[in-house]
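K.L.:
Those protein sequence lines, which keep their order, are chains D and C.
Counting from 1, one number per residue, gives the positions in the first sequence under this note's numbering.
Counting from 1, one number per residue, gives the positions in the second sequence under this note's numbering.
Calculated from the structure, these hints are not laboratory results.
Where hints are given, some of them may not hold.
[As the list claims (entries may be wrong)] Per the computed footprint, the stretches of chain D lying under chain C, defined by three or more beta-carbons under 8 Å from a beta-carbon of chain C, are:
id	segment
1	7-20
2	54-64
3	71-79
We treat Cβ as the ideally placed atom computed from N, Cα and C, and that holds for glycine.
The primary structure of each chain is shown beneath.
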Amino acid sequence: MNDGSTDRMTEQEFADLLDRHGGDPARWPSARRNALERLLAESVTARRAHAAARALDGWLDTQREHRAPAGLAARVVARIGNGNATLAVDRGAAPDTFDRILDWLTARLWRPVLLGALPAIAGLVIGLASSQADDGNLASQLGSLAFVDLYAEVHDADQP
Amino acid sequence: VGDDGDDALMERVKTRDGAAFECLLARHVTPIHRYVMRLVQSPADADELAQETFLRVWSAAETYRPGAVRFTTWLHRIAHNLCVDRLRRSPPDQLDDPDALLCESGDPERAVAARETAARLHRALGALPVAQRAALLLTEVQGLSSRQAAEVMDLGVRAVESLLARARRTLRERLERP
Chain D
1 MNDGSTDRMT EQEFADLLDR HGGDPARWPS ARRNALERLL AESVTARRAH AAARALDGWL
61 DTQREHRAPA GLAARVVARI GNGNATLAVD RGAAPDTFDR ILDWLTARLW RPVLLGALPA
121 IAGLVIGLAS SQADDGNLAS QLGSLAFVDL YAEVHDADQP
Chain C
1 VGDDGDDALM ERVKTRDGAA FECLLARHVT PIHRYVMRLV QSPADADELA QETFLRVWSA
61 AETYRPGAVR FTTWLHRIAH NLCVDRLRRS PPDQLDDPDA LLCESGDPER AVAARETAAR
121 LHRALGALPV AQRAALLLTE VQGLSSRQAA EVMDLGVRAV ESLLARARRT LRERLERP
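In isolation and in its complexed conformation, chain D is listed as follows:
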């Protein structure tokens, strides 16, 4: 790196640095600042270029004044509340474990699988239900038979 006391700069280099960094000395590269300031003190052309750069800075400063349109933030919030765009979660609540599991189960890949399995599940439920009903009938029949035997014993004992 050049020492600030010996560093020299041409007017063309000066103009180039002004184009890159603007007219504010605070934004000039610290390694070249001494050379920039020395040339500025010595050269009328450099001072003219610097004045033009400062004028441009001033013009650009006017672009900073701005006010967002009224209601812009409210429109963003409303769109989020409506679940617009790619938003899928209601505001203010993190999805709980049940929601995550449900999301996973209902993900695109699982939907056809679940739909295809529905008749099989229905068949299983019906089969189990009818099996339980049959079990009930058998118990009832056995109970009846036991009662018939008892009835026969009592009936025979009553016979003269």
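Could you slot chain C onto chain D? The hints should help.
P.N.:
Frame of chain D, contents of chain C only:
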């Protein structure tokens, strides 16, 4: 909520905290609207693009990595990419009314002068290539460093400085003309 830093607010936005999001929105809506307005040069498009930028902040919050990049850089990158896409799909046929880009001033004389200045600068900025305009706006108007502007535009710092140099030279020449 108001005193939290952007990163802390974003951590809360990731858990779908609406209040944290609204705080970020209030903090950044004006600078982002200003950037998209100056870049696309259309108030109607700017409104929509600014909205879209913040909707993406909400929907893509999980992708934000604190420490890897500053929040303002990440936010500007979203806005910038949306604007570039829009300009690529439908370049403006003519620039919108520059008066619409002005903030109203209470002083009539100042307002007239400001309007004249804004109109000239608006035309000069609008005539710049998009990349030059973006580099200039990001550094001079939005207050980002050259490095941050490079991250926003997905370019190297030297490339951004080169864009800045060409943009300033062109603008200065145009504005110095009577």
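K.L.:
Any of the earlier hints contradicted here, and which numbers?
P.N.:
none
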